[in-house]
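Chemist: Here are the chains, one letter per residue:
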Amino acid sequence: MAFLDAPKPPTGAPVTSDLSIDETLLLHSIGWVPVDLVNGVSVYAVPAGVWVWSQGEIAWATEAHQRAVAAAVARLRRECEHVGGSGVVGVEVTIEVHPHHVDVEVVGTAVRPAVSTDAGRAKHRGPLPEVFVSDLSARDFVLLHASGWAPLGLAFGTSFVNVPRRSASTALQQRTQNVELANFTNALYSAREAAMARMQETALHVGASGVVAVHVSEGPLAFAHHVVQFSAWGTAVTLVADQHQRISPELVLSLDDRVVTFDARSLRRR
Amino acid sequence: MTLQPPDTPGPGRADDADVPPEAAARLATRSSASALSIPDLAACLEAGLEPVGLVQGFCAMQWAFYGAGSPYLQGASLSSSLPHGAYVEQWSCPHGFVSAEHRMWGQNYEQPWVEAAWAQGFGSAFQRMLEEAADAGAHGVIGVVDTSAHVADLSIVEFHLLGTAVVVRDAPLPAGGQPWSTYLAGMRLTKLLEAGMMPVSVVASMVSVRVWASCVTEFLSEGQAYGWGGSGSAGTAEIEQVSRARAAARSLARQRIRDQLGADELHGARSGLDWRELGQGDEIVECTLRGTRVRRFKEVDPLPAPRPTVQLG
Chain X
0 MAFLDAPKPP TGAPVTSDLS IDETLLLHSI GWVPVDLVNG VSVYAVPAGV WVWSQGEIAW
60 ATEAHQRAVA AAVARLRREC EHVGGSGVVG VEVTIEVHPH HVDVEVVGTA VRPAVSTDAG
120 RAKHRGPLPE VFVSDLSARD FVLLHASGWA PLGLAFGTSF VNVPRRSAST ALQQRTQNVE
180 LANFTNALYS AREAAMARMQ ETALHVGASG VVAVHVSEGP LAFAHHVVQF SAWGTAVTLV
240 ADQHQRISPE LVLSLDDRVV TFDARSLRRR
Chain A
0 MTLQPPDTPG PGRADDADVP PEAAARLATR SSASALSIPD LAACLEAGLE PVGLVQGFCA
60 MQWAFYGAGS PYLQGASLSS SLPHGAYVEQ WSCPHGFVSA EHRMWGQNYE QPWVEAAWAQ
120 GFGSAFQRML EEAADAGAHG VIGVVDTSAH VADLSIVEFH LLGTAVVVRD APLPAGGQPW
180 STYLAGMRLT KLLEAGMMPV SVVASMVSVR VWASCVTEFL SEGQAYGWGG SGSAGTAEIE
240 QVSRARAAAR SLARQRIRDQ LGADELHGAR SGLDWRELGQ GDEIVECTLR GTRVRRFKEV
300 DPLPAPRPTV QLG
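Those sequence lines, one after another, are chains X and A.
Position 163 (the first sequence) corresponds to 162 in numbering that gives the first Met the number 0; numbering is contiguous.
Position 72 (the second sequence) corresponds to 71 in numbering that gives the first Met the number 0; numbering is contiguous.
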């Protein structure tokens, strides 16, 4: 189906956007405009038997997860290129892990500088990076832009790790005590380190100097309680201005707070 | 501020969508019920929009995936019965003959009869809401909220649209009597107008795609990649048929919305992708996309660069 492989809209196609009016106006203020809704989808198979209680990282589940995210993000970027966008903001990442497949969906709005206007040219700082994908809101993107930084891509890492079995004697000893379950804690640490390392590797791969707005999620799987998953994702960024631009925010003291949170009378002795 | 009426309608219309007498009598009382919050009401009044009534539209639809219009009941082949331009994709078995139970082919296909039922239900409820607004003498409907839900455990889906009908002070009624409509209200609507865009109509689309799994899709969906999957010895592989069905649903929904926009823009889009696994790789994928069609009435006039602040409250 041609429209799946080349979703390029006809010339002069109408703009579609899931940005709020505030976000649209903020983009206009730095000379950028929304272009089109874009999405990427990927469903990867997880082989049967990988969730059997074993030791260490579950390589195939981790690989399926990583590849599904990479494929979905690559499709999102490709759609952005086809509609003439310079990048994608406000990406909503939806990931579902099932026993036999990992489903990944990323949806956002392609944006580009309105270079046809003098304001757009004047307000753009530094060279335009290649098409980027970020899960920054338009507001965060504008703030990042004003600081002289630019997003490069979505950095992502995940890991599935088996929680090691305790020995019979340890299990018996701990049964009646409230103590730390070191096997669980160690599994979480192991998953975290692997996932964070992968996330940072993907950021370095695109030449980023850091990752901002990192989200993490962790915990046991609903269908395999002996497996913990740790995922981390954020937006890889780099400095495009000569140096970091200080934005010097103004302090604002709101005077419309009607909530009484401190009552001096409560200090009186009875 | 003068809002011009839209020149094209939003979602589908109902031919028999007359306002019930009870509703007409209630609306004639001119008691201005509104679903707006106090700040939103203040913002609308400031922009010259006066609420005249809470208007609603309902439509309950019989809902069966193999119902009227479905080729299942006609004994026709799917490929020949689908309308021109509908999405359909084929997958062939790479294994040759294995057994009578082995799936020799797979297919993704759009279900236009499901989409038509959804469009009829949504469009009828939408049109009934607009008729109530027109009966109340409104220029437009703001703050539209739409829901669709299965009624109890029956094969019935109820579509419900609700909004606040408003009049524009000192403005003529829309030509043709068709009020404009928008999901926005209050402050957001005021900002939209200040930004040089006016609402034209609520627009929505729904796409339904059926996945009839091929053997490879079936095996991969059950975790049986060894020996059967398309990637040979690899432990994991993309379930391409399912990925493409979901991508197709999203792309088609976007295309259907574009078809309703003319030269206008879609603002504040909200989309949802639902899928139901029917077993052995078979599934139904449904994508809905909705938003407000807006028309620019003045050139982009960018705000000054935003001033960062830190709230101490």
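Just to be clear, a hint being listed does not mean it is correct.
Stated by the list, open to error - Footprint (simulated), chain X over chain A, 3 or more residues, beta carbon under 8 Å: (1) 138 to 149; (2) 186 to 198; (3) 212 to 221; (4) 260 to 267; (5) 291 to 302.
These are computed hints drawn from the structure, not numbers from a lab.
Just so you know, even glycine gets a beta-carbon here, dropped at the ideal spot from N, CA and C.
Chemist: So, for every hint listed, does it hold in this structure?
Modeler: Results of checking the hints against the structure:
no.	hint	verdict
1	138 to 149	violated (count 0)
2	186 to 198	holds (count 4)
3	212 to 221	holds (count 3)
4	260 to 267	holds (count 8)
5	291 to 302	holds (count 3)
Checked against the numbered hints given earlier, this structure breaks only hint 1.
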